[in-house]
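Asks: One line per chain: the protein sequences are F and W, in this order.
With full-length UniProt numbering, the residue at position 16 of the first sequence is 16, and numbering never jumps.
With full-length UniProt numbering, the residue at position 76 of the second sequence is 76, and numbering never jumps.
If you are wondering where the hints come from, they were derived from the structure by calculation, not from laboratory data.
None of these values were measured; they are calculated from a predicted model.
Derived pair list, reagent style DSBU-like, types lysine-lysine, alpha-carbon separation capped at 30 Å:
id: 1; chain 1: F; residue 1: Lys-402; chain 2: F; residue 2: Lys-337
id: 2; chain 1: F; residue 1: Lys-341; chain 2: F; residue 2: Lys-402
id: 3; chain 1: F; residue 1: Lys-374; chain 2: W; residue 2: Lys-113
id: 4; chain 1: F; residue 1: Lys-403; chain 2: F; residue 2: Lys-387
id: 5; chain 1: W; residue 1: Lys-101; chain 2: F; residue 2: Lys-374
id: 6; chain 1: F; residue 1: Lys-113; chain 2: F; residue 2: Lys-337
What follows is a set of in silico ranges between Cβ atoms, one per label pair, in the way DEER data are often shown:
id: 7; chain 1: F; residue 1: Pro-405; chain 2: W; residue 2: Glu-25; range: 15 to 25 Å
id: 8; chain 1: W; residue 1: Pro-96; chain 2: F; residue 2: Pro-232; range: 49 to 59 Å
id: 9; chain 1: F; residue 1: Glu-26; chain 2: W; residue 2: Arg-84; range: 19 to 29 Å
id: 10; chain 1: F; residue 1: Asp-58; chain 2: W; residue 2: Pro-96; range: 18 to 28 Å
id: 11; chain 1: W; residue 1: Glu-37; chain 2: F; residue 2: Ala-60; range: 24 to 34 Å
Quick reminder that beta carbons are idealized off the backbone N, C-alpha and C, glycines included.
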Amino acid sequence: MAAENTMVIAGAGIAGVHAAESLRAEGYQGRVVLMDRDRQMPYDRPPLSKEWLTDDTDEASMLLRDPEIYGKLDIELKLGVEVNDIDPVRKTITAKDGSSYDWEKLLLATGSKLRTLSIAGDDLQGIFYLRRMADAVAMKQHMQHVNEVVIIGAGFIGAELASSLRKLGIDVTIVERSSYPMEAVVGRDISASLLNLHDRHGVNVILNDSVVQFNGESTVEEAITAEGRRLPCQAVMIGVGATPNTVVSHPQLEAEGGYAVNEFGETSIPDIYAAGDCTLWPYRGTPIRVEHWDHAVNHARTVAQNMLQPRSTPYTYTPYFWSDQHGSRFQYFGHAKQWSKTVLRGSLESHAFTNFYLDDQNRVQAAFIANQPKNALPVRRMIKQQKVIDPEALADETIALKKVPQKSVMNNT
Amino acid sequence: MPQSEGIDPVLNDAYMYVCSSSELEEDDLFECEIGTETIVVGRGEANVYAVQGICSHAHAELVDGELDGTCLTCPLHFACFDIRDGSVLEGPAEAPLQVYKAIEADGSVWVSKERG
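In isolation and in its complexed conformation, chain W is listed as follows (with noise of 0.2 Å):
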């Protein structure tokens, strides 16, 4: 996972910001909305990932359920996801979660504004 690339997100509106990157620590999770868009941002085996924040399967927040390493588990049927590319580790869920680019620049936390 790239931590900047480079890109200077403050003059880069393509970027939102979200936390500094002490308040996400290991395992720590944080929700964010872009646009209609609920995100949830979350620090995996040290890097910050960023996915669409609604379980794929039934209306629940995944900011409420865990992360633990790069897997994210949903409170409410318990699918599991892998928080890197959005795939389904366990269902019931079937369809994977939308990934949105996540980055630490400065002491904090960035999601990109468009999907992908």
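The shape of chain F in the complex, shown without the other chains (with noise of 0.2 Å):
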């Protein structure tokens, strides 16, 4: 039955563990109870991609907090619970082992699972998807013995995973469906500039293909394309996007996408919220779906305080990720399917610039800053404060981001 002061969480990754402490910094005094399917501390996750094989990193160093803090916080984690089953008059959550958990308000903090391909000859030794720490500690196991990897996608993680390889001084070869990776995202001209620096750092790119077999004894030793490319490798890591884990379901759960949230976290049932990759929540009125770093800890902060004072703190986050390739450092901030026009603001070919793009009234609403990071306060303000501005101006690098003229709109908000 329902329990009196008692806050649930399904998912303890980056949004679960920040809405946990949330709750506490907001002086919560009932009972906390985190919960997740993994049976792990809980971990943050852009290390696992870059540090974690790079560097000589042990698992200890991955953990989100200091194990002590969940005590001294008094919160209660659930670890290897994997929950399915929500009843929303009685207010239960269950486990696939049985166990239930009575709450008076439940967070989904699920987060996202990969998107998996299935390609004959798939369940060969050394086929890898980065998701859990799980993966990551069998991937640098791996890794001991490899000289040749194919990466199969060129999204973020295929370009983090390449960079960290070539690091290690392993041949790498990424396969893309598309002839412009994250086009949609970034726009063409950059795609091509990332592609540049792939190639300035050997990284082998084949684009216009897929991989369609693989090969080998136990172990993988060649993928194959469709275009009938034999590419040989001891190693293969598959990076192909991710969709919202909506693995708590109930018929009135609105869900499709992602579990659907306002402004305040809430999802179409009373007293269940969700926050994080695993929503799609309304950004300038748009749902949209992020899953970066981010974006897990604010939107979690902000549901956790909405969970204790109903509707009081509506998201206003301009979203924002950053990725670290090949010593360089990217960041993106706002949120752009379509736009007007692009401004760029450096140089493409030094890998230095940022590259705004405008909607139809000259608006910033979003940019893609590479190397250039003093830019990222003074752009997050601009796609924030919405002014129109002077795309000439914009461009011009004698002019400081901070001077570049600005007006608002008086009949558009």
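Dock chain to chain to rebuild the complex, using the hints, since each chain is given by itself in its own frame.
Replies: Written as structure tokens, this is what we have:
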């Protein structure tokens, strides 16, 4: 039955852990139960494709928090618990092992799951997806005897893995289905510049092709592509995108393309909230899904506040992600499915630039920053303020970004 | 914040020259190195301060961030620190920044070679 003064959080990833901490930071005195299907203590995910592979890093240093923190904050951590069933009337959540937890309010922070491929020979050893700590541990062990790796997918995960593996001196081939990876997010010019960076760092990128078969005795030995290429390899890493993990389901819970939440993180069922990767949330009125660290942290914090003080704090966040590849640092702010024009400030050739994505009124909707961290905070402000900007001044590096003329639009929000 | 405490930094080997006072305007940040340590020096509310130049959370140079009053914001994950004492004002950082003594004397900004 419904438990007074109990908050249950399903998922102890970035969002779940930050939500639990925020409940305590806001002064919540009741029970906080934080559960996850993983058996490991909650860990950070961004380093899995980077430091974890390249450095002599142990599992302990990957933890999100010192294990003692949970005790100190009186957060009841329930690990190895796979929840799937909820009863919104009795206010319970049930795990696959039959255990059941009562809640006053429930937060779904179940994250995302990786898209998987079904390819002949994909049961061979040495083929990896990277999502959980266990995947990363297995990958790192296997990598000790590997000279050549095939990466499927030239998205950010694929690119980061390629960068890490090159650092280790491993031969890397990326196989990418499209002709311009991530064109929908960054545009064709930037996509080409990212490909150029791979090229400069000795990554072999094959475009407009896909892997259709793996061959090998017990471990993978080669990947065969649709165009008939035979790529020798001792390991394969697959990064072809993610989908929301909406494993906790109920007929009244809207979960098409992610748990639908309003600006306060409320789902379609009273007293059930959702935060992070698993949600479809309103960004300036349009439902979007964001699978990045920074959103998970901030969304979870805001939703936790609303769990305690209903509808007190709308989520007004500017989406942001960063990626480190081949010694370059990329930062992306905002969200733009389409744009009217782009403005380049800086030089693509030197990989030091900021590319702005403007709407038809010359307001900055998004920006991609390469190796210009100083632009990050001014750019974030521009996207938040939504003022009309002079594109020529924006492109002119002799004018400080802070000083680029902007004016408010009166008839628009 | 004491401005010079009567020290003559030129004669006192404990301090390192950073820049001229006029180069460091309100809310400006300036990066320098002492040995292998990166330091960021800033002018907030008229006074000069110095703290470690790399964010305590993840690798990012704080000189690329912004100083607003005495609040120093990191450009990578937007942690905020009080530049006066290095304390965390807003996460994701948890550890405070190391503080160095900064002074102004004879139209120049100097930073202590020792922490604290």
